[in-house]
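Residue numbers (the numbering used here), protein chains in the order written: chain F, 1 to 370; chain G, 371 to 740; chain R, 741 to 1110; chain L, 1111 to 1480.
No wet-lab data here; the hints were simulated from the structure.
Since the structure is predicted, the reported quantities are computational estimates derived from the model, not experimental observations.
Just so you know, not all the hints are guaranteed correct.
Unchecked claim - Pairwise CB distance ranges (calculated):
| hint | chain 1 | residue 1 | chain 2 | residue 2 | range |
| --- | --- | --- | --- | --- | --- |
| 1 | G | 631 | F | 190 | 21 to 29 Å |
| 2 | L | 1196 | R | 1007 | 32 to 40 Å |
| 3 | R | 1061 | L | 1363 | 22 to 30 Å |
| 4 | G | 434 | F | 39 | 54 to 62 Å |
| 5 | R | 1059 | L | 1258 | 39 to 47 Å |
| 6 | G | 434 | F | 36 | 56 to 64 Å |
| 7 | R | 779 | F | 164 | 55 to 63 Å |
| 8 | L | 1428 | F | 267 | 56 to 64 Å |
Claimed, not checked - List time: in silico SDA-like cross-link candidates among lysine to any residue, alpha-carbon distance up to 20 Å:
| hint | chain 1 | residue 1 | chain 2 | residue 2 |
| --- | --- | --- | --- | --- |
| 9 | F | 317 | G | 647 |
| 10 | R | 1047 | L | 1366 |
| 11 | L | 1417 | R | 1017 |
| 12 | G | 687 | F | 218 |
| 13 | R | 1057 | L | 1380 |
| 14 | F | 317 | G | 644 |
| 15 | L | 1417 | L | 1311 |
| 16 | L | 1435 | R | 1005 |
| 17 | R | 1047 | L | 1270 |
| 18 | G | 677 | F | 307 |
| 19 | F | 307 | G | 646 |
| 20 | F | 317 | G | 646 |
| 21 | L | 1417 | R | 1018 |
| 22 | G | 687 | F | 307 |
| 23 | L | 1427 | R | 1012 |
| 24 | G | 687 | R | 1106 |
Stated by the list, open to error - Away from chain F, derived, C-beta distances all over 10 Å, residues of chain G:
| hint | residue |
| --- | --- |
| 25 | 415 |
| 26 | 435 |
| 27 | 541 |
| 28 | 545 |
| 29 | 567 |
| 30 | 585 |
| 31 | 609 |
| 32 | 621 |
All residues carry an ideal CB built from backbone N, CA and C; glycine is no exception.
Residues per chain are reported as follows:
Protein chains: 4
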Amino acid sequence: MKNTFGQSVSVTLFGESHGAMIGAVVDGLAPGIPVDEAFIAQQLSLRRSDGVTGTARRESDEFTVCSGVYRGMTTGTPLCILIPNADTHSADYDAIARLPRPGHADYTAQCKYHGWQDPRGGGHFSGRLTAPLVAVGAVAIRALRERGILIGTHLLRCGGVEDRRFTPAAEELNAVNATIFAVLDRSSGEAMRRAITDAAAAGDSVGGILETAVLGLPAGIGEPWFDTVEGVLSHALFSIPAVKGVSFGDAFSMADAPGSAYNDAFTVRDGVIATETNHNGGVNGGITNAMPLVFSCAVKPTPSIYKEQQTVDLSTKEIAALRLKGRHDPAIIHRARVVVDSVTALVLCDLLAQRYGTDWLRGETAWNTD
Amino acid sequence: MKNTFGQSVSVTLFGESHGAMIGAVVDGLAPGIPVDEAFIAQQLSLRRSDGVTGTARRESDEFTVCSGVYRGMTTGTPLCILIPNADTHSADYDAIARLPRPGHADYTAQCKYHGWQDPRGGGHFSGRLTAPLVAVGAVAIRALRERGILIGTHLLRCGGVEDRRFTPAAEELNAVNATIFAVLDRSSGEAMRRAITDAAAAGDSVGGILETAVLGLPAGIGEPWFDTVEGVLSHALFSIPAVKGVSFGDAFSMADAPGSAYNDAFTVRDGVIATETNHNGGVNGGITNAMPLVFSCAVKPTPSIYKEQQTVDLSTKEIAALRLKGRHDPAIIHRARVVVDSVTALVLCDLLAQRYGTDWLRGETAWNTD
Amino acid sequence: MKNTFGQSVSVTLFGESHGAMIGAVVDGLAPGIPVDEAFIAQQLSLRRSDGVTGTARRESDEFTVCSGVYRGMTTGTPLCILIPNADTHSADYDAIARLPRPGHADYTAQCKYHGWQDPRGGGHFSGRLTAPLVAVGAVAIRALRERGILIGTHLLRCGGVEDRRFTPAAEELNAVNATIFAVLDRSSGEAMRRAITDAAAAGDSVGGILETAVLGLPAGIGEPWFDTVEGVLSHALFSIPAVKGVSFGDAFSMADAPGSAYNDAFTVRDGVIATETNHNGGVNGGITNAMPLVFSCAVKPTPSIYKEQQTVDLSTKEIAALRLKGRHDPAIIHRARVVVDSVTALVLCDLLAQRYGTDWLRGETAWNTD
Amino acid sequence: MKNTFGQSVSVTLFGESHGAMIGAVVDGLAPGIPVDEAFIAQQLSLRRSDGVTGTARRESDEFTVCSGVYRGMTTGTPLCILIPNADTHSADYDAIARLPRPGHADYTAQCKYHGWQDPRGGGHFSGRLTAPLVAVGAVAIRALRERGILIGTHLLRCGGVEDRRFTPAAEELNAVNATIFAVLDRSSGEAMRRAITDAAAAGDSVGGILETAVLGLPAGIGEPWFDTVEGVLSHALFSIPAVKGVSFGDAFSMADAPGSAYNDAFTVRDGVIATETNHNGGVNGGITNAMPLVFSCAVKPTPSIYKEQQTVDLSTKEIAALRLKGRHDPAIIHRARVVVDSVTALVLCDLLAQRYGTDWLRGETAWNTD
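Please put together the full structure from these sequences, using the hints given.
So, in structure tokens, the structure goes:
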């Protein structure tokens, strides 16, 4: 199924970094969901580089909602959002088409596509493809919010600096969603930014860990085998360029803990069954338990660095030195967090539609109501 | 798709811990692959409890290959392996059907199935279901080996004890595959076993981290978006009970490293393009690069512990104390590693069949050759 | 996905005609649906040969519900039904493994499986595999009936004899569902039976056309593109051995009619929007309109005939004469109709679950109700 | 999966009749396939109305290949083709949004989307959506041709007039592919055209039957159950607006024949196993046998007619008279045939890629060859 993901709600991604247009189609969204172009633009702005902690490439991210919307609301048929590419410097890449960049997909693209791939700016592998994902994800985020489901992500670690963990509380999620550099502790954020600009100054890059929380998710979502919430979410999250690890609750951090410390004791809160702690991150046996869904993504440092690196010339099979030119991000983790939110929202819309049917997220009163 | 996973090669799982039979169907395997019952039995023995570091429940794991095989070889049609359940003590569970065990799926099963689920021994959620997965996985492991693809998993951490990492070398993989308690360093293994028996003595349990390596995988497998090797593998791996995190290469451990340390420089080894290091775990841009595929699974401590725990009575919604009886594992990580190998093998057969077609793994000379 | 079909409710089929066991797994059925073994047995009896108009092979169709059921009701986890094979005469087939039977899958199996296939009794291609399909289909038929959805199929044509068409009325469907030779007009049925026994006497076989009606299906099921009701149903129906054509409403019979005759005028009946006629068979634009769903399946004559036929020896590539021995059906159309009902029921359960969610068909009061 | 179809090669469709743009994404096509814009334009011209036998709406079908192509060849990543809408008269439809047109999807769209659907020109249900399907299908047709696989479709019946059947021979297929009104017998074509213009003059419409043949398909494609060639093809073909029946070989026409007449005797032709006749249409047991794949689609008469029709006002639930205005086709069958070819080509690319892997259709020498 390749570039399409999801069962009841699915996303298809297309385009290349330096092609005419990139886009995403999301299908299966309920009818009557507001398609709020201002909110889409705002979400795209969270993904955009500030030019200091990210690439100097200026992306205006003008977008066109070209199908699936009528009178400002989803129709229930496929929603396609297109983003034209602009400010591309293709000449930068031609010289290096045979010198694969370490840590990038240049060499694996050559293995898979046998030389037919579009090499300009990483082609279809470019992080640029996450822009349409954020655009359609914005519609999903908005739809979930109408049902009381709130998603937020912050930088838990970056460049050796740690932020405090989510409690998680709705205020925290709203707060990080409103800032371009998403941290809970302002001083951590400043230290992270410094780590990024220091790396940039050294011609290097940094990575880190993103922590995501989802509030308001009903219990009973997910399957015992294969389509576990963890499995489906991680499947999609690993598409986000540079994500190399996904962990739910306290997976890696409590690997040495005894069961008595890891098990979450049941309790009753406001008449509802809950757990005292949340080491399992809101999922037991692959299925949500109505506690906050909490997970972390390890984001590797941006592979594009200015330091000289060793590579191999694909035509001569001789070792060569590589010095990247062009405009690159010293970190993408702060730009990636809104992509994590978007992918999460799309996956949750899918799981909820599978569970409750295709109408669960729909708006009530249509212009042509039956 | 729920309890079925895979596209060109797919697996369907069915059964409950205390039902008549459990089983798995694997479909899409090439014809002419040996179905070696002795090897299946051996793989099942690696999953079985020794009665000391695992549950006292004795499972003989008698199995029947009931379809898809003719004259000892796969036919190319669905292969079903059945395992009858034996030595079940259902009475142990009836009393606690309304007292969900912390860390288990009892409560989420209730939310999802509204009280219709089979509660005996965890029902369909039971780790027992991994037995047929190991049985069909053995056929996939065997098929891959014929094509020079070797899989191995060991306990990288358990109960606070660390093993050394895979180099990885074929000898290491063969060595761990031949032992019931898979570690590279014998003294680490002894310390881990002690940690497990200590936890058992305290009525508690332990978890840890498994490290897996795959050698011999060709470059060019996987997709840039959604069906990345990381995404597809993690999707399946999260089905394994207690797996809560999956990480490729040095994802979480090098989250603070700079790009210059994380990027894997290209080189030429024996005339073939390779990388000097393997921090990316054999995958770039979602696609294999012919370096060893290396990943880790965080396995939480077994939730079944004998210490008293707090739960809620589902009928009265009142807090209650829970003391588990029955036979439980103080650790399952050492039993889970062969499940990881099996799931990995099945997923790789699928990805290879998608890439090279349904005949790639087939045997050459049939009894009725065309 | 091969031997698995369906999205929210899926079916997996396995086994061979002369293997130890054949079976089907149905996954995604709601919990709390009665699994009525008497009804399953009755449905299987409709598929069984009477020994006169069908094969002399006596199939007892003993079945075991081996998973997914607790206290007589579905649990919501995969339901597997197994049927052991009995009364197999494998020796009949060994001699002809290299002489493909015209009209059968022997030759295409050889092309696909390169000689590794199980040739005994058609192996995995055998119509015998429809027995487990009928068994799991019975659970789906029963579940739909609880929601007021009724399915019925009769022989519209067979051996040159025509039955009258369905009105369709519930009484007609109930009537044909209660008879082993499903026709509306008794005298047509007698003539059809004579055509079958005449063909048998001549060492030949006959085919025909089945007409199916579904009452009570809500409007709004299906998708505009690709997953149209027609597309999804036909996809599954073409799996039934010998089905070579599927047509909805008056597709082929009114191919020459003008639009003014074919269009179904809207009207209001009992306060509900309906159509005056039903030439479109209950589907417009791929989506149900709440009129009866009506379709026909063309069933080719059984390819197993006793008359001498021309074939090619696969080893010598020389033309050879073939005279079938063994026990074969002079017609299967009357046995196929319950398979059509079963497949239809399973597909409708899937489409309804996609539309209304996985709980739509579930029973209300569980033994362990939340 | 809704508006996406296919497994190894998949197609996603989006857009509405009067939206800004419609488009299709095809994913999984091998790299190195020529994307010949002149051929795409030519295929689109076969779908276009001549203004006499079809609608007066003039569609220029300007298209943009916006992704998946580099230097004129496929890259192996998703290929998206966009077609802007032009010459739309939306005002024609506003008045009738509550008066569903008989035979159309207006009422079922209302049932499914609850009034949120785009009603202009049929919205997402419009036959206009087949334009991007033809555009991407042209790339598939071209790729198959390079591998010696040839597809052709002609009007077997239309308005009561019959054409002769395909032999089928390559010359016949090439001949019909080069004409806008695809018939084998010129005088039949003239009579059909007269039937269409007569219907138009009467404010009515006509339908018919299309016959398709595919030459050069290898044996061994397809699966025994569910993903039979018949099942997968029919699933996709029923998406084509107005297709209501699909039949392989002589399904409906030989329903009364005895098995001895229907079975295709095996023979050897040019050293290759073949059959003397082809009543099974090139498929046995769901799998191709290397004989021509032959099937027919029943195309209902265009539902848009100018004669007064009875409908129901959705707001008042009162019966109303409907007189369509706007520009409509008195027949679409001659325009639909290239859609059948396109859908067939896309499905065959998928089945071939599943069988032989994703590289089977790829071009040999890339600009950046490995």
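TODO: Tell me, in ascending order, the numbers of any earlier hints that this structure violates.
DONE: 5, 17, 18, 22, 31 and 32
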